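Asks: Spelled out from the first residue to the last, the chains are:
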Amino acid sequence: MNTPVTPPPMLDYVIHTAAALALPLSDERARRVAETLARTAGMVKPLESVAIGPADELAEMFRPAPFPTVLADRQGGQ
Amino acid sequence: MTALNQSRASDSVERAIARIEATDKRINAFTERTFERARRQAQAIDARRARGESVGALAGVPFAVKNLFDIEGVVTLAGSIVNRNLPAATADAVLVQRLLAADAVLLGALNMDEYAYGFTTENTHYGPSRNPNDPRCIAGGSSGGSAAAVAAGQVPLSLGSDTNGSIRVPSSLCGVWGLKPTFGRLSRRGTFPFVNSLDHLGPIADSVALLAASYDAMQGPDPLDGGCHAQYAQPVCAELDLGTHGLRIGILGGYFKDLATEPARQAALQVANSLSASQEVQWPDAGLARTAAFVITASEGGSLHVENLRTRADEFEPLSVDRFIAGALQPLHWYLRAQRFRRIYRDKVNELFKHWDLLIAPATPVSAPLIGTEWIDINGQRQPCRPAMGILTQPISFAGCPVVAAPCWPDGTSGMPIGVQLIAAPWREDLVLRAARVLEQQGIAHLSSKPMALS
Chain A
56 MNTPVTPPPM LDYVIHTAAA LALPLSDERA RRVAETLART AGMVKPLESV AIGPADELAE
116 MFRPAPFPTV LADRQGGQ
Chain B
7 MTALNQSRAS DSVERAIARI EATDKRINAF TERTFERARR QAQAIDARRA RGESVGALAG
67 VPFAVKNLFD IEGVVTLAGS IVNRNLPAAT ADAVLVQRLL AADAVLLGAL NMDEYAYGFT
127 TENTHYGPSR NPNDPRCIAG GSSGGSAAAV AAGQVPLSLG SDTNGSIRVP SSLCGVWGLK
187 PTFGRLSRRG TFPFVNSLDH LGPIADSVAL LAASYDAMQG PDPLDGGCHA QYAQPVCAEL
247 DLGTHGLRIG ILGGYFKDLA TEPARQAALQ VANSLSASQE VQWPDAGLAR TAAFVITASE
307 GGSLHVENLR TRADEFEPLS VDRFIAGALQ PLHWYLRAQR FRRIYRDKVN ELFKHWDLLI
367 APATPVSAPL IGTEWIDING QRQPCRPAMG ILTQPISFAG CPVVAAPCWP DGTSGMPIGV
427 QLIAAPWRED LVLRAARVLE QQGIAHLSSK PMALS
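As they're listed, the protein sequences go chains A and B.
Residues in the first sequence are numbered consecutively from 56, following my numbering.
Residues in the second sequence are numbered consecutively from 7, following my numbering.
Only true hints are included.
Straight-line alpha carbon distances no greater than 20 angstroms define the calculated EDC-like cross-link-like pairs of lysine to aspartate or glutamate that follow: (1) B:Lys354 / A:Asp111; (2) B:Lys263 / B:Asp383; (3) B:Lys354 / A:Glu103; (4) B:Lys354 / A:Glu115; (5) B:Lys354 / A:Glu112.
Calculated directly from the structure, the hints in this document are not laboratory data.
Nothing here was measured: the structure is a model prediction, and the numbers come from that model.
Just need the whole structure built from these sequences, with the hints factored in.
Replies: Structure below.
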């Protein structure tokens, strides 16, 4: 009798979260998506280690710097 | 203001049409041609001129737009076939309207990576856009059609979008001028989005004067666009020839040197020498910024398309569909982490610009690879080719800083260009354009001097 093989954790995650989003995935596509996510998980490790305190909120609708007032216009440089 | 183009609009448009018809089979920049509309518009401009009426600063300048910009009466494809089912746009995008108000003439829509998720414009549905400097090579992406059209001399001006590098990468690889303005500078209304937290729109042009003039024409607040932070226009054209004397200019080292091949580093160094910049500067947390930008891109991009991914995944671009799905499934914790990091990162970048006015870095690690290339070598490290094209642009756009990609021609690339990023603090497009003008006048940055046989 064949013993069922437990899929690796990331593939398991992909299968279940895709189902929760009603996103049908073939076995082959699920495997490729899991590989992609596993690579991202590796990239994210340093981001997990960054010191981010409780008071550091999400960036709002991103504003790189306050839009300059007319008086402050073009200060700095020439 | 004197119009940039003193030729008859109809003559300029017919020349552009002839060039497009002669070359686009080879380059594959255009996905839609609006020639009849262009001809009507050009005739109207000429008639006004003949009557002694004033015309706009861009009178008769032919332009085309990446096909995520709405064009009235045209379906906004955003590089996809899924979007073919959408109704045609009922109005031009805001930036298109503003260029038309300056009397530039719209010739059509341009090829791109599907839904902007790519750096190469190897579009399976519509074919790759090819690099006019060597049609075996990629044009870059995702605004590949926009850069190729300018490099091929089809139009002197195009519009693209840049989320993580999609104006700067194709500008670099095709050897044309590209401007990614400050995040939130220009209205995004009337365009198909990719990542609301990161999308910028901007021009690609064959000269700094046209880059600046088109940018000025597109500026201005848009109270109907929640992502447009500009409260008034800050025109740059009158200041273009102020030069760079007295500016504190540095060249980025560290990440931006380690991930650039020798020709790319040479291009950046040549620019630095021309601008009398000798000091190497460290950009804060570039690697982390790239990761955070990647995570935000994947989550927001994937989430946007979940409805269609449920039922039409097989109609998506094979090169990006798995990434879209993976993005939609990413743990929320990663996304929140990335957005919280962005606030800290922004403060560090703005601190850096208290000490520097202009910073220099290569735009791409290499010159344009052949279409279909899967892997490249960067200083002995094997990297997947497609994501690596944006490795030097992503940290900069994540901070929202304005950047000009200046077309340079270093040794060791078989004659292919590599662009150099000129980077300034948020809202200081004036400085990057002044530096660009200096490089152009010195002959350091320019379009190809070789005629391209593209028919």
